[in-house]
Every structure is written in structure tokens, then in C-alpha cells.
Amino acid sequence: MEDHKEAWSAFIDGELSELEELRLIRQSDFAQVSPSVHRWASVREHLRSGRQGSALSSKGQAILNQRISHALDAEVSAGGSQEAEPNRIIRRHVVPFAAAASIVLALTVGLLLQSPSYGPSGNESESSLLAENGYEVRPTASPVVQNQINSAPQAAMLARAESSELKALDDETQARLRRYLEEHDRSVGLRASNPQFVGYPAPTK
Amino acid sequence: MNQICQFWTPLKSSRWFKSLAVLMVMLSAAAGAETPEITALSEDERDPDYWIAKMSSSLLRENYRGVFALARGHQFSSLEVDHRFRDEVVQEQLTQLNGPLRRIVREGDHIRCYHESENTSLNHSVLLGPFSQSFNALLQAESDNYVVKVIGRDRVAGREAVMLTVQPSANDRFGFVLWLDRSKGLLLQSHMVDRGRILEVLQFATIEFDVTTELEDTDMLHQGWAVHSLSEEVLTANEEPTFKVKWTPRGYRVVSANKHRIHFSDGVSDFSVFVEQGRELPKLSTEIEGRSIVTRPLRGRPGQITIVGALPLQTAERLAESVEPIIF
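Keeping their order, the protein sequence lines are chains A and B.
Position 134 of the first sequence, counting from 1, maps to 134 under our numbering, and the rest follow consecutively.
Position 152 of the second sequence, counting from 1, maps to 152 under our numbering, and the rest follow consecutively.
Each statement offered as a hint is correct.
Lysine to any residue pairs mimicking SDA-like chemistry, simulated, CA-CA at most 20 Å apart: (1) B:Lys283 <-> A:Gln174; (2) B:Lys149 <-> B:Lys184; (3) B:Lys149 <-> B:Asp49; (4) B:Lys283 <-> A:Arg176; (5) B:Lys149 <-> B:Ser169; (6) B:Lys283 <-> A:Ala175.
Bear in mind the hints are in silico, worked out from the structure with no lab data behind them.
Hey, can you work out the whole structure from these sequences and the hints?
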């Protein structure tokens, strides 16, 4: 009995040769199994043709697609009830709008991230008051941005600690550089109260 | 595959492109539109030139008293300022609140520095006002080297302020963010910025306008203090320098000069070029307290070029390369 079942299983799996299949059918009650065998043989034929490629010709494919489209359209118009209408409106109007909005948003975010500048940009290098270090001033200085502004100086100042290059210099050189710095500062401070040009001509270009 | 086709089908339709176009128009309109903070300002107040002119005037003409902080590099100073404008003359007392007690007293062009302790060195850096950069409307008005914009409103030292950006047109100089008193136009806060890095911060903590009291008598106030004049040190005659600077960034002009120094300004930022004999300095490009310092040996003659000021290092280096001695 077990052998018989295994033989049928192998038949279904297509593992039997033609002779073995014939033998199995002869050994069985053919009248009883005949319809099943025929149906299975047909199914197997379809599966084989499916593996080898489409059973339909290209013309057949076109007809099939056309029929499916008509069927879908018919379904939509047949179901033109009040529940289906909003869905159609959503699909036709809102979905494209939402998709467009997403792309615009993505583009905007991308542009904002790429361009650190606001306001008219410079000719050479998009010079900017904005951030390499996150410092940023927006036209509407929100509290969050304001906190960034207020906290940024400390970080920036630390980064600007006096150059070790200068500390490595001898006292005389440091003093001389300090003197230049002080003289420059005083000159700037004085000019603030008396902002006039002197008669000395501009340097040769 | 069918699902992908269903997703892309609407994208192919012209309706989708119409939606995209409508959104782009809305977005660009929103970007161009002024924020509510700015629209709350009057038409005059939305004009940056109005603020530059007002600030320039208020630097001299307002009577105010306040405390401000200045941070440059690792240096942080707190100072009290008392400023009067009487009979077209500026009177100002600037008291250092941390470190050794020093007071700078300005009366017109005369500037003296008083030291409480006679033992302290008179050789020190001097801040001659709350405005390290002498914004100058005269220079700025004709300049296209900066783009000035009113960008919003804020609150500084308990007062309503208008925010401006002074953005350089090129990367050869620094930019600023300014907070000006909305009523008086005085600079209440400023950041000097180099591509996002803040190099210098000035901020008033308290300020009082329309002060009518007279400044304290300096002789009474400083009895027993050491004093030295700053104006004599700085107000040198405008002598012909012994060198020339063949290249400067666009818009910079000479504002003072003597034999060994030329001071340039574009109305917003300043730098000095020094050329001196003596022991050669090492070739150096560095930043000290928010200012760039570049030193180079002078070509063709013994001497040393030093550039000091609020400039990016690359600009200062290019300047140094362009300095040449004048051969008489």
C-alpha cells in the first residue's frame, strides 16, 4: 500500500518515466482514477508550457490586457457609488499633489543643506555668515536659533585660543607683535570717533 | 511590477506636473515674502541704509551709559561706558571692570588712560570704545562689497533691537551680524563672523539712554592715578610711508598713514600694514584675539612687513606679498 502511494506521489511529481506511469495506471483501477489522471496531465502540461514561456502569443497577451482593463473600468463605473467617488478624487488630485509636495520639500531641504548662505551670495565663494559650525541666524530668530547664536561664541572662542605658534616666539617678538596689535586697535578706535579719510592717496593698483 | 506602474502612472500625467508647478510657485513666493517680524517694521525700518545711517549718527550723538562685554579670541573684557555729546564734542569714560582698574577718558580728540595703580604697566591693549569696528556710513554708502539686510527683530539688554546682516560679497573679508537699538540705532550687539565662525562678540548687558548728568570730573576722580596720553601716540601726522601696498581687496582705502604704518578701511573692517627695520620676525600667519597677523620679510630691502587686522589669513598673506619698498 505504501509503495502504491509513493508511486502515485512520484507520478504527480513527474518523477516517473513513461513506462512506469503506464504500469502504475494499469495496476490501479483505471476507471476510478482516469478523470484525475487526465486532469493532472492537463495541469502538468500547463505548468510545463508556463516554464518554457508564455503560452499566449503577443497578440493574445494584448487582448488579455485589454480585457482586464475593460473589466477594471467596468468595475469602477459599476461601483460609481458615493463611497467610491471620494477615493477617486483623492487618487486623482490629492495623491499627485502630495507626491509633488514631497519632492519639492526634499528639494528645498537639499538646497538648504547644500547652500549655507542666505541673502545675495558672493561671486567667489558663496561667502556666508552661516555655519560651518552650526551658527546660523534666520530672519525670524526663533528661541532655538537664538540659543544657538548665544551659545556659539563660547565654542568659537575656545577654538580661537591663542596660537601655539605665537607662544613659541621669544618675548621680544611677542612684544613687537602685541605693539602692532595695540597700535592698530587704537587707530581703529580713534577713527570711530572721527571717521574721515586722510589726504594720502590710495595705493597703486 | 504592477504596483510600481500604478505609482508612476499619476506621475506621467500632466496633473502631477501642474501640482509640482503650483507648489514651486507657492514656495518661491513664500521664500521671497518677508517674515512677520520684518513686516511689523515700518517702511523706513525695512531699509538697511536707514539703519546704517542711524547707527553711524548714534555712535557719536547719543547720550548713554551702559555695561558691555567684548570677547575676542580667548580674551574677554567687561567695560562700563559713559558717553556724552555736548556742543558737537564727544566726551566718554570707559572703565575696565575686570583685571587692573583702568579708565580711558576721551574729550574730543584727546584721549588719556588712567591707571589706578602706579605699578601697572602702561603698555597694554586699549579698547577705545564699544565698537571695535568703526562702521562708517560714509564709506559704506558707496560700497558694493557688502550686502546689508534687515533680517528680523530681537531683544538685547532689555531693549528692542533690529537685526542686520552685513555680508561680504566675496570671501576676502569678514561679515557681521548687528543688533541695533530700534529706537536709538545704537549698536547693542555684534558678531564678527568668518564663514560661520564667530571671531568677535560685543554685547551690551545694560544700557540707559538720554542721560543728562554730567560726566564725573576726571581730575577729582583720578587723583593719585598714573596717566598717559593715547592720542599723542596714535594721532601721528599723515606722513608719506616708505612703502607701498600694490594690492588691496576691493573697496579698502587709506584712512591714516605714517612712515611705518598705513591704516586701511572699507568702512566696515580695518587693517594696518606695518613695515619696520630692525630684527627680522619669523615668517608667521596666525590669529590673535580675533585679528589676523601675518609677517613677511620685505623684498629687496631689509625690513619686516606685518599685516594686522580683521581680515581672513589668506587675504592678509596676499596683502603682505604685495608690499614693496618705495625707492626714492
